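These protein sequences, in sequence, are chains A and B.
Following UniProt numbering, the numbering of the first sequence begins with 1 at its first residue and continues without gaps.
Following UniProt numbering, the numbering of the second sequence begins with 1 at its first residue and continues without gaps.
Careful: at least some of the hints might be erroneous.
Put simply, identical chains are the same to the list, so a pair is met inside one copy or across any two.
Calculated cross-link-like contacts (lysine to aspartate or glutamate; reagent style DMTMM-like; alpha-carbon spacing at most 20 Å) [what the hints assert, rightly or not]:
id : residue 1 : residue 2
1  : 43        : 246
2  : 43        : 12
3  : 209       : 237
4  : 164       : 23
5  : 164       : 237
6  : 43        : 253
7  : 28        : 9
8  : 164       : 112
9  : 164       : 129
The hints are simulated quantities; they were obtained by calculation from the structure and are not laboratory data.
Owing to the predicted nature of the structure, the values given are computational and were not obtained by experimental measurement.
2 protein chains.
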Amino acid sequence: MASLVPVSDPADPRLADYVRLRDVNLRKSLEAEHGLFVAEGEKVIRRAVGAGHPVRSLLMARRWAEPLSDVLDGLDAPVYIADDATMEGLVGFQVHRGALASLERLPLPPVEAVLGDARRVLVLEDLVDHGNVGAIFRCAAALGVDAVVLSPRCADPLYRRSVKVSMGAVFAIPYARMTGRHDGLARLRGAGFTLLALTPDAAAVPLDKAPMTGRVALMLGSEGDGLSSHWIHEADEAVRIPMSPDAMSAGVDSLNVVAAAAIACHTLVGAADAP
Amino acid sequence: MASLVPVSDPADPRLADYVRLRDVNLRKSLEAEHGLFVAEGEKVIRRAVGAGHPVRSLLMARRWAEPLSDVLDGLDAPVYIADDATMEGLVGFQVHRGALASLERLPLPPVEAVLGDARRVLVLEDLVDHGNVGAIFRCAAALGVDAVVLSPRCADPLYRRSVKVSMGAVFAIPYARMTGRHDGLARLRGAGFTLLALTPDAAAVPLDKAPMTGRVALMLGSEGDGLSSHWIHEADEAVRIPMSPDAMSAGVDSLNVVAAAAIACHTLVGAADAP
């Protein structure tokens with residue numbers, strides 16, 4: 001079992017991986033520079049380690065050493081033990097889940113590698129909100145989507161909040177990031193995928209009437225603006241989730257992107273399972 | 001048009017309706033005592049006023065007076081004009097949407113009144129998170145659910161965050177709150193509703209195989225624990241959203257309550273529209 005190292009100074013340089021976890025700009029540059037990410041909570045840490053991410057260090061209240069003893073066994077990394085006040089001073093908020101891990105990122109596979117024999121794929125264009133990215137990964141994994149492909153600028157699935165909201169689903173579903181906005185879609189088409197663009201446009205085909213035989217990639221756009229016109233243009237079909245006529249007249253005729261993704265994943269996977 | 005009243009002191013007693021908007025305990029008691037709620041942002045304010053809630057006051061940056069002039073026309077309530085710093089000092093955060101309204105709550109109708117000729121109803125048991133309540137109202141309104149019934153302890157749809165996340169859908173869909181946990185369900189059954197309990201239990205019937213002819217009420221449980229065993233017991237049928245076998249072995253085989261609600265509303269309304 002790894003040795004437990006008590007710490008009490010939030011400015012201790014050995015804890016630099018965990019500094020100011022809610023400071024998005026700081027975290028983005030710090031994590032990119034060191035190739036690390038942070039997982040929070042016993043279950044999510046176990047899933048991250050299980051997915052093969054090398055551990056840089058752990059930081060936890062002493063009460064978590066026992067429940068995490070299976071992870072600590074044979075671990076070749078320091079395990080820092082701190083009280084709640086030290087952790088709060090370091091990360092900038094009260095860590096309810098009591099245990100944090102700093103882990104190494106692994107090289108992302110190329111798009112082709114995650115397509116493999118996938119039949120159902122989500123393609124996310126430029127989502128901004130890490131919580132939404134995490135929630136969509138959770139839906140995709142739970143419902144049985146085979147892989148996720150991200151646009152070059154889509155928010156990071158390994159950002160702390162994405163990982164947390166996904167409940168670790170970011171480690172359970174293969175994903176890749178396109179290197180260019182357009183050759184990425186070309187690769188999907190080249191691999192035989194029908195590209196469906198999800199839009200609120202009333203002229204689009206209802207989702208459950210869309211072509212779903214064979215390989216299907218469903219494209220979801222960003223929170224505010226939806227899919228870019230270029231991506232909609234490149235799709236084989238624009239599809240929509242039918243809205244209530246009453247809602248349309250009341251002006252509340254749209255879903256947030258997570259609700260739309262949930263319905264889309266459910267429909268996509270249900271159609272794949274149909275005889 | 002209402003007269004515009006410049007204010008610059010966050011402690012001005014005329015602004016007491018807007019104090020510390022993120023202090024949940026303070027807000028709950030303040031709003032209950034005065035029978036008020038707060039709406040945020042131009043569109044949501046317009047929907048709240050349009051739904052017949054009398055305005056106690058408005059508080060906004062001067063730039064919002066023009067876009068909201070249709071609301072201000074003939075308004076018999078003060079319109080306070082403040083700069084960003086004054087608003088931030090008062091409410092406790094930066095108000096990105098720049099306009100707030102304090103409005104009067106209206107008496108909630110009894111359960112029977114919202115059932116009317118509804119065919120599809122959601123029943124929410126003890127949800128805790130206001131954002132989730134708002135997101136579920138948004139799904140229900142957009143997809144065409146006819147009404148929502150809340151358990152006695154379910155989080156308040158008129159709490160600021162619920163209203164905001166719902167994008168004003170809380171004003172577009174009729175809802176009522178049960179006075180007792182059990183007679184509420186009895187009233188639904190008495191009105192001829194089939195009660196479906198949504199659960200992750202693998203032994204439950206897949207949602208799309210559930211009985212959906214006639215009137216259907218779908219029961220959704222709280223974020224952590226799901227539906228109480230008592231409510232599941234009172235249901236006519238326990239139903240589930242099918243999960244991926246891979247996800248079940250990876251331990252990521254559940255959806256958050258908003259994703260589950262989105263899929264459930266879509267299925268419910270689709271079945272109602274089927275010939």
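Q: Could you work out which earlier hints the structure fails to respect and list their numbers in ascending sequence?
A: 2, 5, 7 and 8
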